[in-house]
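Participant: The numbers in the sequence shown follow numbering that gives the first Met the number 0, run straight up by one, and end at 372.
Each hint should be verified, as a subset may be incorrect.
Stated by the list, open to error - Subject to a maximum C-alpha distance of 25 Å in a straight line, what follows is the list of computed BS3-like cross-link-like pairs (lysine-lysine):
hint: 1; residue 1: Lys216; residue 2: Lys179
hint: 2; residue 1: Lys298; residue 2: Lys280
hint: 3; residue 1: Lys311; residue 2: Lys298
hint: 4; residue 1: Lys179; residue 2: Lys372
hint: 5; residue 1: Lys372; residue 2: Lys311
hint: 6; residue 1: Lys372; residue 2: Lys274
As the list claims (entries may be wrong) - Restraint-style ranges between C-beta atoms, simulated for each label pair:
hint: 7; residue 1: Asp246; residue 2: Ile321; range: 18 to 26 Å
hint: 8; residue 1: Asp34; residue 2: Ile86; range: 45 to 53 Å
hint: 9; residue 1: Asp246; residue 2: Gln358; range: 46 to 54 Å
hint: 10; residue 1: Glu27; residue 2: Glu195; range: 36 to 44 Å
hint: 11; residue 1: Lys64; residue 2: Thr302; range: 37 to 45 Å
For the record, the hints were derived by calculation from the structure and aren't laboratory data. We put the CB at the ideal spot given by N, CA and C, even for glycine.
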Amino acid sequence: MSNTFSNRRQKLFNQLKDNSLTLLFSGEPVRKSADGEYEFDANRNFYYLTGINEPLAVLALAKTKQGNREYLFIRDINYDLEKWIGIFMNPVDAEEVSGITNVLFKSQFENFFNRSLISMEIESVGLDGDRQVFDTRALTGEAFAHKLKEQYPLLNLFDVFPLIAKQRLVKDEVEIAAIKAAIELTNTGIESMIKEMKPGMMEYEMVARFIYELNRKNGTEMFDTIAASGPNGVILHYVENNRKTEDGDLILFDLGAKLNHYGADISRTYPVNGKFTDRQKQIYNIVLEAMEVVANATKPGVTLFELNELVKAFYVERLTEIGLINKPEELGKYYYHSVSHHLGLDTHDIGNTENVKLQAGMVITNEPGLYIK
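Model the full structure from these sequences, guided by the hints.
Facilitator: As structure tokens, then:
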């Protein structure tokens with residue numbers, strides 16, 4: 000497995016500037032209360048290149064005249080704290096997972112960095128500029144960048160995120176296997192949930208059954224599960240899941256398992272009582288046909304934007320036929336998101352890619368939902 004991460008780093012080295020030092024931070028634990036923290040989940044780009052899911056770690060990639068050098072800094076072992084939160088990763092285990100032979104402790108990082116700027120003749124420093132936390136708190140990499148600008152105002156800084164993002168778009172065999180496993184677990188959870196579904200159940204009861212099945216197989220939710228019955232089905236990100244289902248309801252599930260850091264994202268609609276009405280079946284089949292349109296059109300060279308345009312054209316034709324709309328401009332009442340996005344370490348993987356041409360190895364979703372009150 001360490002060869003997988005080594006190969007990914009080598010691909011990144013091939014894109015990096017000469018005389019550069021690239022730094023990626025795993026991130027810091029986030030508190031959820033006075034005496035508790037959220038479960039730690041490493042920065043996706045850091046994990047992608049190391050396989051390490053530990054807080055306060057740093058990956059350093061130096062591309063110099065002397066060749067490529069890799070360094071991994073892990074948090075210092077605190078034997079007293081281990082009694083409370085568990086065993087800290089040691090350098091031997093970190094090397095085995097990542098394939099990086101130069102594993103040091105975080106307390107050595109600052110001295111390493113300051114010395115390396117001179118000894119390695121570093122001209123530029125690469126940092127991960129991706130930001131997915133939209134609050135006022137500076138991320139670890141951002142805080143370090145601000146510090147560098149103050150201490151080394153002439154040092155050139157560059158954003159390494161676009162290089163990693165381009166690489167992450169095309170999944171390797173290990174990633175595809177992990178995503179397939181997450182999809183299989185998601186399907187198992189759905190099947191278990193549907194077996195117990197009946198009118199009168201609370202939405203959260205179904206979610207609980209799904210999560211139980213994931214946990215039973217050492218998985219978790221990739222994102223907050225949506226179980227939207229009746230009128231809640233037209234709310235895209237409905238997560239309250241607190242309505243009592245009724246006979247005749249449809250229920251929309253938007254859910255996915257997360258397994259070994261990779262996830263699934265699947266949307267499915269079911270009649271709560273097990274039987275569609277004629278009208279429900281009509282609309283359901285139109286959405287199913289739209290899924291088939293996307294599946295048949297998906298191939299290398301096509302873009303997500305083009306797939307979405309195909310779906311829109313199909314819906315305009317079919318919804319006009321059944322009298323739901325009279326002109327194309329009315330489609331937005333019932334279809335108000337794009338049909339697909341990339342999937343991987345993140346649910347919506349690697350930012351805005353609607354105009355990127357698909358390649359073999361890319362993994363995308365197929366979600367042409369209609370939302371009719």
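Participant: For each hint, tell me whether it holds in the structure or not.
Facilitator: Hint check:
no.: 1; hint: Lys216 x Lys179; in the structure: 14 Å, holds
no.: 2; hint: Lys298 x Lys280; in the structure: 29 Å, violated
no.: 3; hint: Lys311 x Lys298; in the structure: 18 Å, holds
no.: 4; hint: Lys179 x Lys372; in the structure: 34 Å, violated
no.: 5; hint: Lys372 x Lys311; in the structure: 19 Å, holds
no.: 6; hint: Lys372 x Lys274; in the structure: 19 Å, holds
no.: 7; hint: Asp246 x Ile321: 18 to 26 Å; in the structure: 25 Å, holds
no.: 8; hint: Asp34 x Ile86: 45 to 53 Å; in the structure: 21 Å, violated
no.: 9; hint: Asp246 x Gln358: 46 to 54 Å; in the structure: 47 Å, holds
no.: 10; hint: Glu27 x Glu195: 36 to 44 Å; in the structure: 40 Å, holds
no.: 11; hint: Lys64 x Thr302: 37 to 45 Å; in the structure: 40 Å, holds
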